[in-house]
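First to last, the protein sequences are chains Y and L.
Mapping of the first sequence onto our numbering: position 16 corresponds to residue 16, and the numbering continues sequentially without gaps.
Counting the second sequence from 1 gives a position; our numbering is that position plus 89.
These aren't lab readings, by the way, just hints derived from the structure by calculation.
Just so you know, not all the hints are guaranteed correct.
[What the hints assert, rightly or not] Capping the alpha-carbon separation at 20 Å, the derived lysine to aspartate or glutamate pairs in EDC-like fashion look like this: (1) Lys-383(L) / Asp-34(Y); (2) Lys-374(L) / Glu-41(Y); (3) Lys-275(L) / Glu-42(Y); (4) Lys-368(L) / Glu-20(Y); (5) Lys-275(L) / Glu-20(Y); (6) Lys-366(L) / Glu-41(Y); (7) Lys-366(L) / Glu-27(Y); (8) Lys-284(L) / Glu-70(Y); (9) Lys-421(L) / Asp-432(L); (10) Lys-102(L) / Glu-177(L); (11) Lys-383(L) / Glu-30(Y); (12) Lys-168(L) / Glu-202(L); (13) Lys-366(L) / Glu-13(Y); (14) Lys-374(L) / Glu-30(Y); (15) Lys-60(Y) / Asp-338(L); (16) Lys-380(L) / Glu-41(Y); (17) Lys-462(L) / Glu-490(L); (18) Lys-374(L) / Glu-70(Y); (19) Lys-380(L) / Glu-30(Y); (20) Lys-458(L) / Glu-426(L); (21) Lys-205(L) / Asp-338(L); (22) Lys-366(L) / Glu-14(Y); (23) Lys-60(Y) / Asp-287(L); (24) Lys-368(L) / Glu-27(Y); (25) Lys-18(Y) / Glu-52(Y).
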Amino acid sequence: MKNKKKIGEIAFEEYIGKLERIVHKLEEGELTLDESVKAYEEGMNISKICLEKLNKTKKKIEQLVIKGEENYSTKPFSKKEGESKINEL
Amino acid sequence: MESKIYTVSKLNKYIKKIFENDFNLQDIWILGEISNFKLHSSGHMYFVLKDKESQIRCVMFRGNNYNLRFMPGDGMKVKVRGDVSVYEKRGEYQLYVKEIIEAGKGELYLAFERLKVKLKDEGLFSEEIKKKLPLIPHNIAVITSPTGAAIRDVITISLRRFPNLSILVVPSLVQGASAAREIAKKIDFLNRFFKELDFIIIGRGGGSLEELWAFNEEILARSIYSSKIPIVSAVGHETDFTISDFVADLRVPTPSAAAEMTIPDKNNLINNLSLLKSKISRAVKRNIELKTEKLNIASRSLKYQGPENKINQYYQYIDEFNTRLSSRIKHKVELYEEKIKKDSQRLGSLNPWAVIERGYSICRKIPGKEIIKRLNQIEVGTKIEVIISDGRILSKVEKKEAVSN
Numbered sequence: 001m002k003n004k005k006k007i008g009e010i011a012f013e014e015y016i017g018k019l020e021r022i023v024h025k026l027e028e029g030e031l032t033l034d035e036s037v038k039a040y041e042e043g044m045n046i047s048k049i050c051l052e053k054l055n056k057t058k059k060k061i062e063q064l065v066i067k068g069e070e071n072y073s074t075k076p077f078s079k080k081e082g083e084s085k086i087n088e089l
Numbered sequence: 090m091e092s093k094i095y096t097v098s099k100l101n102k103y104i105k106k107i108f109e110n111d112f113n114l115q116d117i118w119i120l121g122e123i124s125n126f127k128l129h130s131s132g133h134m135y136f137v138l139k140d141k142e143s144q145i146r147c148v149m150f151r152g153n154n155y156n157l158r159f160m161p162g163d164g165m166k167v168k169v170r171g172d173v174s175v176y177e178k179r180g181e182y183q184l185y186v187k188e189i190i191e192a193g194k195g196e197l198y199l200a201f202e203r204l205k206v207k208l209k210d211e212g213l214f215s216e217e218i219k220k221k222l223p224l225i226p227h228n229i230a231v232i233t234s235p236t237g238a239a240i241r242d243v244i245t246i247s248l249r250r251f252p253n254l255s256i257l258v259v260p261s262l263v264q265g266a267s268a269a270r271e272i273a274k275k276i277d278f279l280n281r282f283f284k285e286l287d288f289i290i291i292g293r294g295g296g297s298l299e300e301l302w303a304f305n306e307e308i309l310a311r312s313i314y315s316s317k318i319p320i321v322s323a324v325g326h327e328t329d330f331t332i333s334d335f336v337a338d339l340r341v342p343t344p345s346a347a348a349e350m351t352i353p354d355k356n357n358l359i360n361n362l363s364l365l366k367s368k369i370s371r372a373v374k375r376n377i378e379l380k381t382e383k384l385n386i387a388s389r390s391l392k393y394q395g396p397e398n399k400i401n402q403y404y405q406y407i408d409e410f411n412t413r414l415s416s417r418i419k420h421k422v423e424l425y426e427e428k429i430k431k432d433s434q435r436l437g438s439l440n441p442w443a444v445i446e447r448g449y450s451i452c453r454k455i456p457g458k459e460i461i462k463r464l465n466q467i468e469v470g471t472k473i474e475v476i477i478s479d480g481r482i483l484s485k486v487e488k489k490e491a492v493s494n
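Throw the hints in and build the complete structure from the sequences for me.
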């Protein structure tokens with residue numbers, strides 16, 4: 001499989017997987033109080049990271065303008081019928 | 090001289106063998122016009138294929154014709170694929186048809202099939218090289234016509250599902266002779282200058298085979314294959330596949346479906362996240378409650394089994410012991426007192442002095458103070474003392490005289 005993911009960047013689904021494992025471990029009830037507190041902190045931290053990941057991108061609809069082999073610019077996407085619909089969102 | 094004589098059936102069998110051993114007659118394509126078409130109730134099709142000068146009988150058995158995409162009819166120009174062989178019963182050779190395509194569409198269809206086989210053999214369709222799309226895309230590009238409904242649908246649906254998404258619209262021709270090359274070039278361009286893209290959707294709305302043809306061309310297939318950025322093929326057609334569909338990392342039936350299937354519903358994700366969070370909180374709270382309960386039980390049982398309780402128990406034991414001990418001693422003392430009393434009484438009655446007082450005396454040898462009870466203890470001349478109540482008498486044995494009783 002070709003993989004372009006940057007090293008060190010953990011995918012959202014892996015974080016969700018981690019959260020699910022924490023829930024599972026906590027629900028088993030085998031953890032000591034210390035471990036529970038640590039798991040809780042880790043869980044809250046991960047869900048914070050997840051939310052950040054969900055919110056990190058800014059809405060942007062742009063159109064690519066290619067100028068030759070090496071140059072390009074972008075401009076706001078301006079398809080008239082499309083625009084009115086997009087602006088309703 | 091007699092030449093060899095064959096039966097008719099042997100001859101036909103022999104001829105049939107010759108036909109079947111000739112590869113020029115096996116699995117070949119023939120162009121012609123259908124006439125005399127008959128669909129038998131058995132499901133087999135019989136017809137004649139002809140051109141201006143000649144004709145050949147054809148049969149297409151039910152097992153081969155059930156997936157035909159159209160019903161053949163007289164006058165139709167078609168390409169048929171099949172084997173030439175002999176129907177021995179009638180001694181007629183005929184074409185056993187396996188496939189029929191309409192001649193107009195035939196060129197494209199053949200090209201499609203040839204390319205499909207070629208690219209498949211090269212491994213361009215293999216599942217192992219397909220890249221996974223990230224669950225949360227942030228930056229996506231859409232290569233399509235900027236004026237069609239397709240781009241509008243993609244943008245509308247994508248933003249409804251994930252409102253803060255960055256979409257790069259890459260305008261391109263999507264039909265016509267240069268469309269495939271143009272889309273391919275744009276994929277390459279994005280791979281050079283927009284490496285951060287999570288994936289690229291290429292597509293267009295539905296159309297005829299000719300209109301969708303760009304997505305069946307080799308140049309586009311190769312570009313999709315070599316793209317480092319995952320490609321979603323979204324060509325509007327429900328049933329047939331395009332070559333792009335086979336090569337792409339994900340194939341969806343329409344551009345709208347591309348948005349539905351690749352862009353996650355942000356609300357769902359957030360709800361799911363909240364659910365996990367509250368599950369964690371609840372589990373931790375429960376854990377703490379359980380531990381508190383355990384602590385309470387432990388401290389209760391500690392109190393019960395702890396030193397304070399033990400000491401009190403010992404106190405009580407000691408008290409009890411004391412009571413028991415003192416009553417025992419008292420009893421013993423009383424017993425001794427009783428005994429002493431009795432003994433002293435008995436002792437009093439046994440006191441030899443009391444006896445002597447009454448007139449008895451004790452006779453002892455002088456040396457040794459041995460009390461004389463028998464005659465054989467003394468000799469004549471033995472010095473003795475006789476003890477009486479107020480003193481003693483020193484004397485000497487004069488004579489021994491036994492008493493006979």
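Results of checking the hints against the structure:
1. Lys-383(L) / Asp-34(Y): Roughly 15 Å between the alpha carbons, so the hint for Lys-383(L) and Asp-34(Y) holds.
2. Lys-374(L) / Glu-41(Y): Holds, at roughly 13 Å.
3. Lys-275(L) / Glu-42(Y): violated, 43 Å
4. Lys-368(L) / Glu-20(Y): Status holds; Cα separation ~9 Å.
5. Lys-275(L) / Glu-20(Y): violated, 40 Å
6. Lys-366(L) / Glu-41(Y): holds, 11 Å
7. Lys-366(L) / Glu-27(Y): holds, 13 Å
8. Lys-284(L) / Glu-70(Y): Cα-Cα ~15 Å, so holds.
9. Lys-421(L) / Asp-432(L): holds, 16 Å
10. Lys-102(L) / Glu-177(L): holds, 7 Å
11. Lys-383(L) / Glu-30(Y): Since the Cα atoms of Lys-383(L) and Glu-30(Y) sit roughly 13 Å apart, the hinted pair holds (cutoff 20 Å).
12. Lys-168(L) / Glu-202(L): holds, 14 Å
13. Lys-366(L) / Glu-13(Y): With Cα atoms ~15 Å apart, Lys-366(L) and Glu-13(Y) stay inside 20 Å; holds.
14. Lys-374(L) / Glu-30(Y): Roughly 14 Å between the alpha carbons, so the hint for Lys-374(L) and Glu-30(Y) holds.
15. Lys-60(Y) / Asp-338(L): Since the Cα atoms of Lys-60(Y) and Asp-338(L) sit roughly 25 Å apart, the hinted pair is violated (cutoff 20 Å).
16. Lys-380(L) / Glu-41(Y): holds, 18 Å
17. Lys-462(L) / Glu-490(L): Roughly 13 Å separates the two Cα atoms, so the pair holds.
18. Lys-374(L) / Glu-70(Y): violated, 59 Å
19. Lys-380(L) / Glu-30(Y): With a Cα-Cα distance of about 11 Å, the restraint between Lys-380(L) and Glu-30(Y) holds, given a limit of 20 Å.
20. Lys-458(L) / Glu-426(L): violated, 35 Å
21. Lys-205(L) / Asp-338(L): holds, 16 Å
22. Lys-366(L) / Glu-14(Y): With Cα atoms ~16 Å apart, Lys-366(L) and Glu-14(Y) stay inside 20 Å; holds.
23. Lys-60(Y) / Asp-287(L): holds, 15 Å
24. Lys-368(L) / Glu-27(Y): Holds. Lys-368(L) to Glu-27(Y) sits at ~8 Å (cutoff 20 Å).
25. Lys-18(Y) / Glu-52(Y): holds, 16 Å
Hint violations for this structure: numbers 3, 5, 15, 18 and 20, all remaining hints satisfied.
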